[in-house]
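In the order they appear, the protein sequences are chains S and H. Under this note's numbering, the first sequence has 166 at position 166, and the numbering climbs by one with no breaks. Under this note's numbering, the second sequence has 91 at position 91, and the numbering climbs by one with no breaks.
There could be a bad hint or two in this list.
[Stated by the list, open to error] Taking lysine-lysine pairs in the DSBU-like style, the calculated list, with each CA pair at most 35 Å apart, reads: (1) S/K169 <-> H/K303; (2) H/K16 <-> S/K292; (3) S/K292 <-> H/K211; (4) S/K292 <-> H/K228; (5) H/K16 <-> S/K242; (6) S/K131 <-> H/K211; (7) H/K228 <-> S/K78; (8) H/K294 <-> S/K242; (9) H/K100 <-> S/K131; (10) H/K78 <-> H/K131; (11) H/K294 <-> H/K78; (12) H/K228 <-> S/K131; (13) H/K131 <-> S/K104; (14) H/K78 <-> H/K228; (15) H/K294 <-> S/K90; (16) H/K16 <-> S/K294; (17) H/K169 <-> H/K228; (18) S/K279 <-> S/K294; (19) S/K78 <-> H/K294; (20) S/K242 <-> H/K104; (21) H/K104 <-> H/K303; (22) H/K303 <-> S/K294.
Hints in this document: simulated from the structure, not taken from any laboratory.
Each chain is listed here by its residues.
There are 2 protein chains.
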Amino acid sequence: MKDVVIGIDIGGTYTKYGIVDREGKCLDEDFISTGTYQDFDAYIENLNSEIENTYQAIADDLVLKGIGIGAPNGNYYKGTIENAPNLNWKGIIPFVDKFKNYYKDIPVVLTNDANAAALGEMIYGGAKEMKDFVVITLGTGLGSGIIVNGELVYGYSGFAGELGHVNVKLRGRDCGCGRKGCLETYASATGIKRTAFRLMADRTVDSELRKVSYADLSAKMITEAARKGDPIALEAFEHTGKILGSKLADIVAHTSPEAIFLLGGLSQAREFIIEPTKKWLNENLFPIFRNKVKVLLSSLQDKNVAVLGAAALAWKEANTI
Amino acid sequence: MKDVVIGIDIGGTYTKYGIVDREGKCLDEDFISTGTYQDFDAYIENLNSEIENTYQAIADDLVLKGIGIGAPNGNYYKGTIENAPNLNWKGIIPFVDKFKNYYKDIPVVLTNDANAAALGEMIYGGAKEMKDFVVITLGTGLGSGIIVNGELVYGYSGFAGELGHVNVKLRGRDCGCGRKGCLETYASATGIKRTAFRLMADRTVDSELRKVSYADLSAKMITEAARKGDPIALEAFEHTGKILGSKLADIVAHTSPEAIFLLGGLSQAREFIIEPTKKWLNENLFPIFRNKVKVLLSSLQDKNVAVLGAAALAWKEANTI
């Protein structure tokens with residue numbers, strides 16, 4: 001018999017899930033659509049039946065120890081998804097309460113996706129030996145999970161770790177949250193695209209990006225252009241790393257992590273994002289921290305980190321690691 | 001028999017100590033000079049003999065359970081005081097190792113003074129029921145202690161919680177740390193004095209502060225002027241609270257505290273500093289945190305909070321609370 005958990009990653013488009021063992025091996029995985037369900041009850045019923053199908057096919061030797069869920073705006077304390085802008089279901093969704101109807105006897109826990117990624121990094125990834133670190137996910141937005149003394153920081157509200165919405169510039173770029181100048185409007189896959197467009201307006205240098213519309217441009221295209229030495233792409237990375245590194249200096253002053261891991265779409269640019277981030281972080285650090293904080297790529301970058309993170313949450317809750 | 005600890009608060013001018021019971025009652029207290037000792041060994045020998053005198057006078061019914069020390073640039077992990085700008089002893093001072101020569105059988109622990117204040121607030125003060133909060137000391141500089149999940153945040157380096165040195169303005173005011181624009185150059189007893197001087201230069205309004213030299217001006221005088229409606233003093237408080245509140249929004253986004261406690265000289269201005277800080281904090285908060293974080297005066301403000309905080313550290317270490 002083998003102990004396993006189910007890790008579920010809820011995104012705006014897809015919900016992915018996997019059956020994960022103690023060592024982080026994914027025995028089977030699959031996904032359902034998230035975006036096509038307007039009705040939450042229909043969604044959760046289908047999610048459960050699909051998971052059941054996947055699980056029963058290999059269940060013979062398995063003992064299910066728990067279920068972990070990573071979701072945007074997930075609240076660990078309440079097991080809710082609260083006002084997630086990229087999901088169809090508005091308001092406060094009592095995800096865990098509903099899901100527990102199907103799984104009465106095992107722990108079902110939920111947290112936000114970046115927190116789950118941080119647990120994944122700690123249990124399966126590059127932070128195995130660390131007790132204090134930060135994970136930054138650079139996707140459509142910027143998410144973060146903060147680990148202090150081996151534990152996720154949830155805070156009083158359950159929403160600690162909202163680094164995407166610290167202010168960078170008082171009258172800066174419009175943010176989806178309704179405010180201006182939030183960090184994620186600069187440092188994310190979307191942020192670097194906005195920066196590239198700003199630079200095309202400000203500079204006269206030639207660039208292959210000038211042939212691409214805003215709708216078509218992706219962080220991946222900017223990365224490819226940077227690899228070929230495109231000046232707009234290179235400056236966009238420098239600028240993005242400058243803003244990200246400068247603001248990460250604050251989380252270092254607050255919690256003094258051993259390392260900061262970058263994850264998500266934009267992190268696939270590797271040295272193009274790591275190097276300027278590291279440089280501007282150190283430039284802005286109080287001397288006692290300078291050159292002492294590692295800036296690393298997530299070691300789970302090429303794996304299904306979101307599902308592994310959700311599985312790590314389940315293992316942590318089952319208290320069996 | 002009564003269990004007690006000794007709390008020691010090391011400042012640049014004086015070292016205060018007290019014999020403190022479990023309820024935070026100070027049975028006796030005294031102080032020695034810090035600043036007159038160029039030689040650390042002579043200082044620590046004298047400190048120990050003075051403490052012995054004080055303790056022996058009332059020792060009959062007491063059992064000494066531990067010693068806690070709050071010191072500038074104190075490192076909890078190593079028991080050292082490291083490069084403290086306001087102390088005579090340069091470099092890394094192995095305080096705990098030296099002090100343990102006198103107290104071999106009981107725990108001797110050291111942390112920085114603002115961390116000690118945070119423990120004092122948690123064990124004896126207004127944060128008794130809280131697990132997530134921040135203490136900000138507004139004195140000559142700005143110190144901070146961050147509590148997450150009922151534990152002090154020390155971080156990987158042991159120096160977490162350096163809020164005084166997060167950047168407010170890239171090419172801002174010169175800071176004692178060698179950089180520019182650190183938060184404490186604006187938000188501290190010294191910071192508000194610098195702001196008042198800047199405002200006297202910028203504005204033409206009359207002010208009683210115009211009669212006072214920079215050397216003579218104190219935060220207390222600015223508070224008294226504000227109480228009388230002095231426009232420069234009032235604007236100085238508004239500006240100080242604006243910068244402090246705006247930056248505190250970052251620590252809320254990071255750790256989501258239930259409350260932020262203000263302590264130290266400038267906090268004695270009470271509503272003059274609390275109100276603008278609260279206003280600008282909420283102005284800058286991500287909506288899910290807005291109007292949910294209390295901004296409070298430390299309830300230990302009128303007591304010897306530094307000695308009580310050091311005592312709280314000792315109790316925490318003795319694990320007997």
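(message) When the structure is checked against the list of hints, which entries are broken? Sort them ascending.
(response) 1, 3, 4, 5, 6, 7, 12, 14, 16, 20 and 22
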